[in-house]
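J.: Chains D and R are the protein sequences, given in the same order. Note that this note's numbering gives residue 353 to position 239 of the first sequence, counting from 1, and the numbers run on in steps of one. Note that this note's numbering gives residue 895 to position 437 of the second sequence, counting from 1, and the numbers run on in steps of one.
What the hints contain is simulated information worked out from the structure, not anything from laboratory work. Glycine included, every Cβ here is placed at the ideal spot set by N, Cα and C. Careful: at least some of the hints might be erroneous.
Quick list of the computed label-pair ranges, beta carbon to beta carbon [stated by the list, open to error]: (1) D:308 - R:799: 26 to 36 Å; (2) R:795 - D:228: 19 to 29 Å; (3) D:414 - R:1240: 54 to 64 Å; (4) D:414 - R:1510: 41 to 51 Å; (5) D:308 - R:778: 36 to 46 Å.
Capping the alpha-carbon separation at 35 Å, the derived lysine-lysine pairs in DSBU-like fashion look like this [as the list claims (entries may be wrong)]: (6) D:235 - R:895; (7) R:792 - D:235; (8) R:801 - D:246.
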Amino acid sequence: MGFWSWGVVTLQNECPGNTLAYSSISFFYSPTVNDCPFFPLQIDYTGTEPSSPCNKCLNVSWDSSPPCTCTINFTLEHSFESNVFMYYGLSNFYQNHRRYVKSRDDSQLNGDNASLLNPSKECEPYRTNEDKPIAPCGAIANSMFNDTLELYRIDNDTRTPITLIKKGIAWWTDKNVKFRNPTGDGNLTALFQGTTKPVNWPKPVYMLDSEPDNNGFINEDFIVWMRTAALPTFRKLYRLIERKNNLQPTLQAGKYSLDIAYNYPVHSFDGRKRMILSTISWMGGKNPFLGIAYITVGSICFFLGVVLLIIHHKYGNRNTSADIPN
Amino acid sequence: MVFKVPSNPNHSVSSFLFRRCAVAACAGEEKRVGTRTVVVGHRPVSETDAYVAQKFCDNRIVSSKYTLWNFLPKNLFEQFRRIANFYFLIIFLVQVIVDTPTSPVTSGLPLFFVITVTAIKQGYEDWLRHRADNEVNKSNVFIVENAKQVQKESEKIKVTVNGEVRLLSLKLVGRGRCVVRAGGGMSCPGELTHYAVRDTTVLCTDEAIDALTATIECEQPQPDLYKFVGRIIIYRSNQEPVARSLGPENLLLKGATLKNTKKIYGVAVYTGMETKMALNYQGKSQKRSAVEKSINAFLIVYLCILLSKATVCTTLKYVWQSNPFNDEPWYNEKTKKERETFKVLRMFTDFLSFMVLFNFIIPVSMYVTVEMQKFLGSFFISWDKEMYDEEIKEGALVNTSDLNEELGQVEYVFTDKTGTLTENSMEFIECCIDGHKYKDCISEVDGFSQTDGPLKYYGKAEKSREELFLRALCLCHTVQIKEADQVDGLIGHPEHRYTYISSSPDEIALVKGAEKYGFTFLGLENNFMKIRNQKNEMETYQLLHVLNFDPVRRRMSVIVRTTTGKLLLFCKGADSSIFPRVQQEEIQQTKVHVDRNAMDGYRTLCVAFKELTQKEYDKIDRQLNEAKMALQDREEKMAKVFEDTEADMHLIGATAVEDRLQEQSAETIEALHAAGMKVWVLTGDKMETAKSTCYACRLFQTSTELLELTAKTVGESERKEDRLHELLMEYHKKLIQDVPKNRGGLKRSWTLSQEYGLIIDGSTLSLILNPSQDSSSSNYKNIFLQICLKCTAVLCCRMAPLQKAQIVRMVKNTKGSPITLSIGDGANDVSMILEAHVGIGIKGKEGRQASRNSDYAVPKFKHLRKLLLAHGHLYYVRIAHLVQYFFYKNLCFILPQFLYQFFCGFSQQPLYDAAYLTMYNICFTSLPILAYSLLEQHINIDTLTADPQLYMKVSDNAMLQWKPFLYWTFLGAFEGLVFFFGVYFLFQNSSLEDNGKVFGNWTFGTIVFTVLVFTVTLKLALDTRFWTWMNHFVIWGSLAFYVFFSFFWGGVIWPFLKQQRMYFVFAHMLTSVSTWLAIILLIFISLFPEILLIVLKNIKEKSHQVRNKIMYLYKPIG
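So here's chain D without its partners, still in its complex pose:
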């Protein structure tokens, strides 16, 4: 956790009034599940605690194949009625570090063929590998989040996979304008000819997805990752869970399990990983801050207003009384 952020950052991990409970829970491990109405459900699957199922994957490295997998079971006490948004959250991950933020080449990502083969110097030291230009170059791309999360509903010991939609998670303008695959004839593989994959990636950029409109630079997971977060503890949209019909909620209350292909090492920098399920209203995710702030400011204003009104009345009365002798 960041220096100063400890105290404040924890606030987002719990329900209001549940602070103590959470702190105590995180000491002994039971899946740190936060589940209260109107607040997102969070599952920390970092695996630092020995009791955690993911503890075995804690020291995973990039090139471990097959990937280390672990499963965390949790219970949903309240059902999610509307569309559910699935996030992954990282802590103590400085995506806003200056060296990191600038380590990208936007013209390469925009499909510029010259930049593809000759990436910007800003990408150093992730610019070339074995004399071949890296596509996409830079530290941001190189450190792309690559855990795979899958969600199952456990109903009487049968695991029903929940459909996770991977498209529609990036900004429309990013997906359609800012990020573009290189232009030219032939398939993506041919277009990326002459480049090499980022060092940490298991496979090249043109193999991120099977669907052509979600492959290469316009892969939405990639685009989401490339939008650097503002703070060292952040979440990024991972998948969407759509409500199928009006008859049943998107996610019913009950038992679920989260399958994780644990590829992304965070232990080395004391980071944490979380999976978050959240519903969203017209004004975005549940935000205690705005509510509290508005209520506080509103009541202060009301109080002051009353006080001033009284004062005003007092003087107003005097004013009229002063007119009497006239």
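We have chain D already, so just place chain R on it with the hints.
T.: What follows is chain R alone, placed relative to chain D:
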């Protein structure tokens, strides 16, 4: 370089005539020898004289600073000599060299903007100067060349100039006199009479001039406009060379205009940059305002904040990085170069990077805004219709715009009396002849009418004495007759065909006075003065010598020869300078009258005469001519001769002339008093005259207790130092020691207690300021100063010009260095005008000197009220607000960026996009404050003028003290914290959009920035009390521009940018409802203290009003 000046009476010199002739400079090793020699005509240069080729400069006037070629380097050099600009240049260079978080553009562009704006302003000013120079340099002049007039461009005259010209001849009737409007081309009421040398007055054709052979020796160029020492040697064939003296009355200054003469011939003696006018132009003083000192102090504070921020961040960075996974996690490896740099060097570059990141806390554009504010703001003074004077058809004049706000800070006002408090238009009131009073009283109906006017005689002097006295009045002056058909704007006398013109209004009054009593001065013709006496007979007197008036001697004399051959010397002057020079037994009877007249506030002059024998005259004549010829120490020699000549005279009588008070000067002084200013009157007049004027203009109230330190109280004896010591001690005790201590805390609270006034005269002052060595009086000055500072009003009479400046300097250098203001109209006030912090000139009757040397010139004394109480107050409030606002807005701009470092691993990641960093100060927030600082009237101008007490609210630099500075700083810090943490908490929720998508770091910065821009602009809107369409336009326009720019900036993939960080960030931000709510909330919270303050102030004011109303209502009852 003999030339002719044709002229219409009212138009400026349009052309000149020069004659090409040899000019030689006097030989000498030194380039500047004591004198210069100008040769007129074809005089063969003799070998023995060893003339060297002329060294005079050409006639190009260059008042401009730059040329087209050197403008860029020279201007840049001058601009970077400014500390602030240099600082930003350094920052810019650091950004270029070191790998810093923001691109060099972010600080380079504002710097470029600031430099460009300043350069444009200075270039424009220089262009104006170039144009003025060209106008002069390209103007046509006529040169007499081989007895013909040739028209040439003034600039091309190799030899000499349009500069100062010595009059050789005057065409018009050859009367040898001409009246010249003094001053550089401006219309100016100060007329001066200039003369040609007697021997050359006959030369009034081109041919005659061409034949002239002469040498002119004169002093090297020097800036004193009213001094000129030279001599002309005229060579005539077969005759001894004739030498004649040349004085300032023979010299025409550059830019002079002929008034009653069609054209003149002249020789140029000083040219181009060596003319007296040019030398004077350069000698402008550089005054700096107190506000600038405050700005510098604040700058230092902010520089310290900046340095400590950078140090804190650098230290914490290395503390944080001591943990290896923080220093270099696997996802964010260092570049090779970074790894190889030495740690110390890395720390240093980190420090510099933080400096660069936070450098915006020093408001880069403040200086340029302040400069523009001053430049544009000064127009309001000259546009002020209330300060426009119908009589002279001119308004106020601003010579420097640097001191606008100083007008709101004045603590001491030093004012001249004559021409400043008074009209300087004199009226003859009465006279006394041999102790008998003669008073004009037209209203007296006693049937006793005389041919010479309705006069009432309070006893009568002998007829012969009467006539002598009136003749003296008629002869002893330098008044000119001006024919009625040439009257322009002067007060004409329809019954007469002429008007009197003189440099001194007193003289006109006296001549008119004499006219009332039957003696009319008809003019001077060929050195013969004509008078019509009571019996309507013509009398003529040959004018032999005029011993001109000077402020040291305080008298003037003429020597005339009557038709009968009698030689008479008439002398008139101040009583103090006449009495010692006349028979002692005559004094007493006249002195009574003089003193009484002085008590009544009249200006008194004594008239004396003496008869000279031919022998005596010859001696005087010789001495005078000798002295006039002298090139060195001419003044001293002249003074000596005058001293000898004007002795042993007989006193005839005295005159009393009234100088009326200027309209509203009393009200103005009262207002200045009420505004907490201390008014000192510095005058050369007699104590009694000055005192009564001071009572008349309410400088002294009847309740004021007067303390006198004058020759009268101190005494004349040797014991005067002891006596002075006693007096000083007594007053000191009275004013300082006896006063209860608690009054010390209440500054300017004297209005409530006993008022004291001090009167001191010149001789006593010099005793105090320059005490004799042996006495223990070295601390007189201190005691005196303490006494002075305790007095409401101080009157210093019989002051020499330099003493005036001395007093101003003394007060200026006291503890706390109060802001001083000097106001005066005459040449004798120039020294104090230059000495004071703010110098104000009155465009009066005594010429342009005062207004030319002043910082501001106003037509009348009463305009001082509005100038100080309204304009000064407003300028001060505006600039103070401007300065504080600039520091404030930059603090809350940079503070979030500083806080962000704690959340980004101290990696110098900027919070805002480079475009925002660059544009914040120069586009988004610059115009509203500029408009505010130009137009704000927090209190209505009329209220400010009407209620002088308001002036005290801003006294002592009240708005730029540490307290308000801290208030603004805390406000800035508070808002910075609100911006950052508000958005920080907002971002705890990952998805602010209703489709679950997330925002990145640039959105974070943009939200903070949006709140910031709106808050600081709305804060200004809250502060604005005086809304004009311009304020609305710039405030709402700036905000609209910000929104528009953000859309535009984020709406395009910019090919020249390396990173498209802002692409659609702003638009996405606005799609989120939470963001809207947060922005509104944060703006509200930030402005909340301000709104609360306004509401509280309103309530307070209202209650105050109510209380006042109650008091007012109950007063008549209780």
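J.: Now tell me if each hint is right for this structure.
T.: Structure-based check of each hint:
For residue 308 of chain D and residue 799 of chain R, the hinted distance range of 26 to 36 Å is satisfied, since their beta carbons lie about 33 Å from each other. Residue 795 of chain R and residue 228 of chain D have their C-beta atoms about 24 Å apart, which keeps the hinted 19 to 29 Å range intact. Between residue 414 of chain D and residue 1240 of chain R the beta carbons are some 57 Å apart, a value that agrees with the proposed interval 54 to 64 Å. Between residue 414 of chain D and residue 1510 of chain R the beta carbon distance is about 43 Å. The supplied range of 41 to 51 Å therefore holds.
The hinted range of 36 to 46 Å is satisfied by residue 308 of chain D and residue 778 of chain R, whose Cβ atoms lie roughly 40 Å apart. Of the supplied pair hints, the one linking residue 235 of chain D and residue 895 of chain R is violated, its CA atoms being roughly 103 Å apart against a limit of 35 Å. Among the hinted pairs, residue 792 of chain R with residue 235 of chain D is consistent with the structure: their alpha-carbon atoms are about 13 Å apart, no more than 35 Å. Between residue 801 of chain R and residue 246 of chain D the alpha-carbon distance is near 31 Å, which keeps this suggested pair within the 35 Å criterion.
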